[in-house]
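*Asks:* Once you've looked at the hints, dock chain A against the given chain F.
In case you want the letters, here they are:
There are 2 protein chains.
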Amino acid sequence: MHERLYEFSAAKTGAWRVVSMASVIGESLPGASALDIQPASIDAAKSGATWSLRGIRSNERYVEAAERADLAKVQAELGRSDATSACLIPIRKSQAWWALAQDERRAIMEEKSHHIAIGARYLPAVARRLYHSRDLLEPFDFLTWFEFAPEHTSAFDDLLARMRDTLEWRYVDREVEIRVEQAG
Amino acid sequence: MHERLYEFSAAKTGAWRVVSMASVIGESLPGASALDIQPASIDAAKSGATWSLRGIRSNERYVEAAERADLAKVQAELGRSDATSACLIPIRKSQAWWALAQDERRAIMEEKSHHIAIGARYLPAVARRLYHSRDLLEPFDFLTWFEFAPEHTSAFDDLLARMRDTLEWRYVDREVEIRVEQAG
Chain F
56 MHERLYEFSA
66 AKTGAWRVVS
76 MASVIGESLP
86 GASALDIQPA
96 SIDAAKSGAT
106 WSLRGIRSNE
116 RYVEAAERAD
126 LAKVQAELGR
136 SDATSACLIP
146 IRKSQAWWAL
156 AQDERRAIME
166 EKSHHIAIGA
176 RYLPAVARRL
186 YHSRDLLEPF
196 DFLTWFEFAP
206 EHTSAFDDLL
216 ARMRDTLEWR
226 YVDREVEIRV
236 EQAG
Chain A
56 MHERLYEFSA
66 AKTGAWRVVS
76 MASVIGESLP
86 GASALDIQPA
96 SIDAAKSGAT
106 WSLRGIRSNE
116 RYVEAAERAD
126 LAKVQAELGR
136 SDATSACLIP
146 IRKSQAWWAL
156 AQDERRAIME
166 EKSHHIAIGA
176 RYLPAVARRL
186 YHSRDLLEPF
196 DFLTWFEFAP
206 EHTSAFDDLL
216 ARMRDTLEWR
226 YVDREVEIRV
236 EQAG
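Residue numbers (the numbering used here), protein chains in the order written: chain F, 56 to 239; chain A, 56 to 239.
Bear in mind the hints are in silico, worked out from the structure with no lab data behind them.
Some hints here could point you the wrong way.
A pair counts as met if it fits within one copy or between any two copies, since identical chains are not told apart.
Computed cross-link-like contacts, DMTMM-like style, restricted to lysine to aspartate or glutamate with a CA-CA straight-line distance of at most 25 angstroms [as the list claims (entries may be wrong)]:
(1) K67 / D91
(2) K128 / E159
(3) K167 / D220
(4) K167 / E119
(5) K67 / E236
(6) K167 / E58
(7) K128 / D213
(8) K167 / E122
(9) K128 / E206
Same shape as in the complex, but just chain F:
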């Protein structure tokens, strides 16, 4: 067990009930009625669930020091008692994205797409956590987990719409949206 690595799996019951699952770009995932989230071990085989996705918390790849200082002012923690709505969004980016140099990816992501700035605009209402999956040889490159109070659902919808309208998103070749709510 290591607290950086997590496995998100299709389940029948669990703390997070699946409200909807939809493919945004490319192939979807098989349906599930609940989402199970557990710390995982790198050497162990995955659970036998219909699908399971692993991701690891890692160092920042694009955020600069000044941006991080700004984010810290509005940052929201996961696990807030009123944040009973959540969403898991697995994303894969294209080969063309990964072939770009660091400055080219940064320019598309922030200078042209304002990824960090858009996310910050929805803080602290929508808390986020990014898990990296590509170097775990997973089917997706990233898993992003969002938590928010139900009254901020439309703000979350706006956030997704803005992100998907960016130049960066033209490099996304698979995206699934899994909305969940805390089981009562």
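*Replies:* This is chain A only, laid out in the frame that chain F set:
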């Protein structure tokens, strides 16, 4: 099997005979008489060797487009028939390094330490390949594999001395140097 992920293991015999093993910073690794290098599977337990280290080839994290274009002009492939000397250098960086933002790490690495520029100066004599290990929850963060002809050993020694004299290297808290040569 996936060609991005490799496992480097202590062995009794094999294609690469160990010439020397030394700790540069921090704890060493147990001795080995040969080094075995195999493609690895992410879900499988590691081999039962005295030690084995996994690393994955990944996208560039710091190299910018202009630097990459310059590197391409002098780049050297692995596997050259005269490159019968090689070296595996596992490195771990400190928590302080990983806590830095992207621009801070880039500034230390290249603007202050000239990591990319120094490496380029020894191309094509010394070919390199970087494997990432940190997000595989390995004991080291990186494995770098170097290949060169025996007559370029002193050039390789110079390269290591220059890298270890940089500001970036103050963030290295464990480093082991494993020199090998092709078994006859």
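*Asks:* Please go over all the hints and tell whether each is borne out by the structure.
*Replies:* The hints, checked one at a time:
1. For the identical chains of this complex, K67 and D91 are intra-copy neighbours only, at 9 angstroms inside a copy versus 44 angstroms across copies, given an alpha-carbon limit of 25 angstroms.
2. Only between protomers do K128 and E159 lie at most 25 angstroms apart by alpha-carbon distance; the minimum there is 20 angstroms, versus 28 angstroms within a single protomer.
3. In this assembly of identical chains, the alpha carbons of K167 and D220 lie at most 25 angstroms apart only when taken from the same copy (11 angstroms versus 37 angstroms across copies).
4. In this homomeric assembly, K167 and E119 come within 25 angstroms of each other (Cα to Cα) both inside a single copy, at 15 angstroms, and across copies, at 17 angstroms.
5. For the identical chains of this complex, K67 and E236 are intra-copy neighbours only, at 14 angstroms inside a copy versus 55 angstroms across copies, given an alpha-carbon limit of 25 angstroms.
6. Taking the shortest Cα distances, K167 and E58 never come within 25 angstroms of each other, neither inside one copy (34 angstroms) nor across copies (33 angstroms).
7. When the C-alpha separation of K128 and D213 is checked against a cutoff of 25 angstroms, the pair qualifies only within one copy, where the shortest distance is 22 angstroms, while the shortest distance between copies is 46 angstroms.
8. With identical chains, the CA atoms of K167 and E122 are at most 25 angstroms apart both within one copy (15 angstroms) and between copies (22 angstroms).
9. Taking the closest pair of Cα atoms, K128 and E206 come within 25 angstroms of each other only inside a single copy of the chain (22 angstroms); across copies the shortest separation is 56 angstroms, beyond that limit.
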